[in-house]
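Novice: Sequence:
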Amino acid sequence: MFWFTTTVTLLYALFTVVRTWEHISEPEFQAAINKDETAIVVACNKKTEHLETAWSLAIPDAKFPFVSVDCSVNHAICASFGVSSSSTVKLLKKGEAISTYIGPRRASALLAWADRVQRPVVSEVSAETLEEFKKTDETVFLAFLSADDEASKIAFANVAQRYHEEFTFGMVTDEAALAAEGATPPIVKCFKPLDGDTHDFREVSDTAALEGFVKEASRPIIAELLPHNHQRLLDRGWSMVYVFAATETERSEIRKELHSMARSYYKSLTMTTVDPLEFPDLPAKLGLDPAVLPAGAVHQLSKDRIYPYPKGMGWTSKELQTWGLDVWQGRIKPWTPPGVTTTYNDLGGRIKATQKISMRNIPGVKIRVGGRDEL
Numbered sequence: 023m024f025w026f027t028t029t030v031t032l033l034y035a036l037f038t039v040v041r042t043w044e045h046i047s048e049p050e051f052q053a054a055i056n057k058d059e060t061a062i063v064v065a066c067n068k069k070t071e072h073l074e075t076a077w078s079l080a081i082p083d084a085k086f087p088f089v090s091v092d093c094s095v096n097h098a099i100c101a102s103f104g105v106s107s108s109s110t111v112k113l114l115k116k117g118e119a120i121s122t123y124i125g126p127r128r129a130s131a132l133l134a135w136a137d138r139v140q141r142p143v144v145s146e147v148s149a150e151t152l153e154e155f156k157k158t159d160e161t162v163f164l165a166f167l168s169a170d171d172e173a174s175k176i177a178f179a180n181v182a183q184r185y186h187e188e189f190t191f192g193m194v195t196d197e198a199a200l201a202a203e204g205a206t207p208p209i210v211k212c213f214k215p216l217d218g219d220t221h222d223f224r225e226v227s228d229t230a231a232l233e234g235f236v237k238e239a240s241r242p243i244i245a246e247l248l249p250h251n252h253q254r255l256l257d258r259g260w261s262m263v264y265v266f267a268a269t270e271t272e273r274s275e276i277r278k279e280l281h282s283m284a285r286s287y288y289k290s291l292t293m294t295t296v297d298p299l300e301f302p303d304l305p306a307k308l309g310l311d312p313a314v315l316p317a318g319a320v321h322q323l324s325k326d327r328i329y330p331y332p333k334g335m336g337w338t339s340k341e342l343q344t345w346g347l348d349v350w351q352g353r354i355k356p357w358t359p360p361g362v363t364t365t366y367n368d369l370g371g372r373i374k375a376t377q378k379i380s381m382r383n384i385p386g387v388k389i390r391v392g393g394r395d396e397l
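Under our numbering, think of the first position of the sequence shown as 23, with each following residue one higher.
Just so you know, these hints were derived from the structure itself, not from any lab.
Simulated crosslink set (DSS-like; lysine-lysine; CA at most 25 Å straight-line):
{"no.": "1", "residue 1": "K355", "residue 2": "K307"}
{"no.": "2", "residue 1": "K237", "residue 2": "K278"}
{"no.": "3", "residue 1": "K156", "residue 2": "K85"}
{"no.": "4", "residue 1": "K156", "residue 2": "K289"}
{"no.": "5", "residue 1": "K278", "residue 2": "K333"}
{"no.": "6", "residue 1": "K175", "residue 2": "K156"}
{"no.": "7", "residue 1": "K355", "residue 2": "K333"}
{"no.": "8", "residue 1": "K333", "residue 2": "K307"}
{"no.": "9", "residue 1": "K157", "residue 2": "K175"}
{"no.": "10", "residue 1": "K175", "residue 2": "K237"}
{"no.": "11", "residue 1": "K214", "residue 2": "K289"}
{"no.": "12", "residue 1": "K278", "residue 2": "K214"}
{"no.": "13", "residue 1": "K289", "residue 2": "K278"}
{"no.": "14", "residue 1": "K214", "residue 2": "K237"}
{"no.": "15", "residue 1": "K157", "residue 2": "K211"}
{"no.": "16", "residue 1": "K211", "residue 2": "K237"}
{"no.": "17", "residue 1": "K214", "residue 2": "K156"}
{"no.": "18", "residue 1": "K214", "residue 2": "K175"}
{"no.": "19", "residue 1": "K211", "residue 2": "K156"}
{"no.": "20", "residue 1": "K237", "residue 2": "K157"}
{"no.": "21", "residue 1": "K278", "residue 2": "K157"}
Make the full structure from the sequences, and use the hints.
Specialist: What follows is the structure, encoded as structure tokens:
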């Protein structure tokens with residue numbers, strides 16, 4: 023199994039408020055980290071309900087124990103790992119923190135991360151392990167290279183070093199594995215089992231181009247918005263679709279419902295679901311009432327215009343596309359921020375995108391009309 027390493031790991035996260043968490047004391051914590059085979063989790067946050075749900079769902083499938091420490095009681099432990107007020111999950115090996123979790127409050131994502139960060143930055147993959155490795159994570163990058171292609175190996179390793187805590191990377195140089203895949207090196211393939219997608223890239227020795235491929239190819243059909251990927255998604259320059267829902271169950275259901283539609287507009291829209299606890303200030307910046315969920319908005323980055331999705335409308339593909347058509351045809355005006363007077367010719371929103379692109383008449387939502395893409 024690729025998650026396994028001979029070095030025993032310790033996983034932990036830090037929390038301020040006790041609910042149904044079974045927190046351990048400082049002596050228990052110290053005893054645990056002195057045992058190579060113990061995994062420890064500690065977290066620190068005033069609101070831990072959603073993380074607790076993901077945590078409890080992850081425990082039955084965990085390959086090693088998850089435990090927690092209450093930071094409101096054990097200040098010294100939390101301070102020693104730089105945890106103060108925000109929810110933090112870290113993985114330790116022999117008492118040393120080697121990774122901090124930055125993923126969504128989702129059990130499967132938490133487990134995938136715990137396995138991922140214990141793999142080598144780049145795993146060697148053989149013909150016997152190739153098919154299993156493709157499914158070993160939610161996003162897997164495999165480089166199929168000639169054994170003597172040092173430039174591509176170096177470029178791939180450099181990019182993997184930057185992103186190995188988010189994605190899994192493997193390298194194939196074995197002739198039998200190359201033949202089994204039918205791959206002509208050099209080529210990097212991105213496998214995304216959850217979406218059922220595969221993306222290919224051939225300029226492997228170009229580090230900058232390869233990094234761009236990794237960032238774009240790793241993007242799910244509907245992304246989960248997180249602090250570390252928000253700007254990355256904005257930098258695409260295409261219209262952003264934000265869908266806020268209170269629980270992971272609701273967000274998952276919405277992703278399933280909108281998946282086919284989102285796939286149709288994958289290149290020209292950036293669709294996301296959002297955990298309101300991760301972005302408490304974002305709804306107001308999009309003209310939304312934070313107390314009303316689910317909720318959503320489109321941010322048209324090319325003109326910096328924001329279109330809140332109407333309250334009371336459902337979250338089906340048909341309803342969203344119908345509303346999007348109204349936006350595209352100009353029947354819906356953009357949101358006017360408080361205190362702004364506008365004729366809608368020059369209205370700006372409040373979500374800053376670092377990259378602006380020059381395109382004509384980009385709507386808030388791209389609609390397919392009469393079998394062709396209409397802008």
